[in-house]
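J.: Each chain, written out:
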Amino acid sequence: MTKPTSDLLLQSRREVETRKQRIASFVLRQDFILFIIFIVMVGVFSAINPRFFSVAAAANILQDFSPVVLMATGQTFVIASRGIDLSVGSTLGLSGVTMALVIRTLNAAGLNPIATIVLGLAAALVVGGLIGLANGLLISYVRIVPFVATLATMGAAAGTSLVITGGVQIAGAPRAVILIGNVSYFGMLTAPVIVVLFILFIAWASLSRTRFGRWTYAIGSNLFAARAAGINVEKHLVKLYMLSGILSALAGAFVYFRLGSGSPLSGRGGELSAIAAAVIGGISLQGGVGRLTGATLGALITTAVLSGLILIGVAPNWQQIVVAMLIAVAVGVQGFGRGGRPGEQ
Amino acid sequence: MNQKDVAKNRRRLYAVESISKRYGNVVALEDVDFSVAAGEVVGLVGDNGAGKSTLVGILSGVHMPDSGYIFLNGEERHWSSPHDALEAGIETLYQDSGIALDLTVAANVFLGREILKKGFLGLFGFLANREMQEHARKELERVGIAAPPANRPVSKLSGGQRQAVAIGRAVAWAKKVIILDEPTNHLGARQSAEVLDVIRQARDRGLAVVFISHTLPHVLDVTDRIVVLRLGEIVADQATSTFTHETLLKAITGLR
Chain A
1 MTKPTSDLLL QSRREVETRK QRIASFVLRQ DFILFIIFIV MVGVFSAINP
51 RFFSVAAAAN ILQDFSPVVL MATGQTFVIA SRGIDLSVGS TLGLSGVTMA
101 LVIRTLNAAG LNPIATIVLG LAAALVVGGL IGLANGLLIS YVRIVPFVAT
151 LATMGAAAGT SLVITGGVQI AGAPRAVILI GNVSYFGMLT APVIVVLFIL
201 FIAWASLSRT RFGRWTYAIG SNLFAARAAG INVEKHLVKL YMLSGILSAL
251 AGAFVYFRLG SGSPLSGRGG ELSAIAAAVI GGISLQGGVG RLTGATLGAL
301 ITTAVLSGLI LIGVAPNWQQ IVVAMLIAVA VGVQGFGRGG RPGEQ
Chain B
1 MNQKDVAKNR RRLYAVESIS KRYGNVVALE DVDFSVAAGE VVGLVGDNGA
51 GKSTLVGILS GVHMPDSGYI FLNGEERHWS SPHDALEAGI ETLYQDSGIA
101 LDLTVAANVF LGREILKKGF LGLFGFLANR EMQEHARKEL ERVGIAAPPA
151 NRPVSKLSGG QRQAVAIGRA VAWAKKVIIL DEPTNHLGAR QSAEVLDVIR
201 QARDRGLAVV FISHTLPHVL DVTDRIVVLR LGEIVADQAT STFTHETLLK
251 AITGLR
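Protein chains in written order, with our numbering: chain A, 1 to 345; chain B, 1 to 256.
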């Protein structure tokens, strides 16, 4: 019989939370704060321009939101492991033009439109997976820090997009592409948007409920402890960057379905939107923490605010400034009263 | 070592022989023999830079020796990662760095060995969190360590509680050998006494225990045998009863 030891136990008993504390901690939870910010924002925009509170506006926001949230999802996994992926925007661009080129070529060869779309999508996913694989190998085995490794692949992917397209937009999509990307159900959900929402759910379950997610947080929290616990850290990181690459490729495919063309310039700056969404969502660059619900709300808020600003007549040039302020406010509110060293949120 | 010694060494549960390790031009370990038997507590002491951490790393599979042999149950083994050593029943508590602060107590206890849900969801790697919390609480209580709430992030715990989690994790999983690197660091007198009790219990359960510490009274109190490292070489390997605080200190520093 072991004795029920010590002051440690007494301390833990004292720490049993009261109901009041539980409510307080729920109210202070990042997701809840973000949700309130979102509701207030919708209220303000709708009051100024009632058209903001419409199915059509919601449909538009969902179209803008989807590619951003796909990249932000990959980013959340990567940042939770204490990494960063700067290549997501360029990956969106390269996979989009790859898809456009494959579909245009096969279409010109007289292949069935659905078959060309399937092959084009597969090509896009392979491109995203390969960029992610390159990132993962550079980080895990060549031991380049994530910021630099993904900066390199970001440049390589953006350059490749320009080379293979000659710098011009690739059109020539079969009509089926436009239909898939723009016919909506219930007034606001296109097929790709439905797929994105489904992917989000899978990703959320994977990060918060599975061993894969648990190991991701463990690596971000304490690399040494994760390795000592027998986790193959290198292999896991490769998987994470491949996941981010594939999600960015899906974002590229999404944009292609929506526009019916692939531009070598699309996705430029996408990494910043993705990181902004994740950071607004309470994902700490220190790694080890952060929920996908936060990043999703972050992506929703940033895309909704851009739509809203247009609808209330703010000049597009102001948009970046507003997003910047959003980052400062959202992150500041979440960190308020939490203590710690300066700049540690 | 003569042949007889070698044979004796191999009868011990866990042994390394003729281990050398260099980092560039720096010799961390030179021709080191070290062993521990089942039901024995061996103290590993030495000044900073004596090679203790390197030897711990080799015993736990973190480092690979440049030359030398590793024997478990008399069979030669090679560890290419900590995972190999864990699989073989060797648990290690690393000084200060063994736990992930952002994860809960239960997640830390089960890190790398998570229990998955039964059936369909388990195939996709879904975690059985409630089950792990329950087991973690029981395991920590079983090893005699006061259990902080299993669903609480370790970052919210006091230093003593964090250490309790790390020790509890190592003791709970150890099947053959347990290596404790400075387990009484940052602990008060009373908590240290608890940890020493945990070590005695582990020994009584038949585990081979390696205890690394700078706190010589703890070493003299709990160990059966003490191995002294100095500048990468073993300078003493004797029963604890043959040492006094003064002679042990002299062996460590090499001063007369």
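Among the hints, a few may not be true.
No more than 27 Å apart at the CA atoms, straight line, and that leaves these computed lysine-lysine pairs for DSS-like [stated by the list, open to error]:
(1) 118/B / 235/A
(2) 250/B / 176/B
(3) 138/B / 176/B
(4) 176/B / 156/B
(5) 250/B / 175/B
(6) 235/A / 117/B
(7) 239/A / 118/B
(8) 118/B / 138/B
(9) 138/B / 156/B
(10) 175/B / 239/A
(11) 118/B / 156/B
No lab work stands behind these hints: they were computed from the structure.
J.: Which hints, by number, does the structure contradict?
T.: Structure breaks hints 2, 4, 5, 10, 11.
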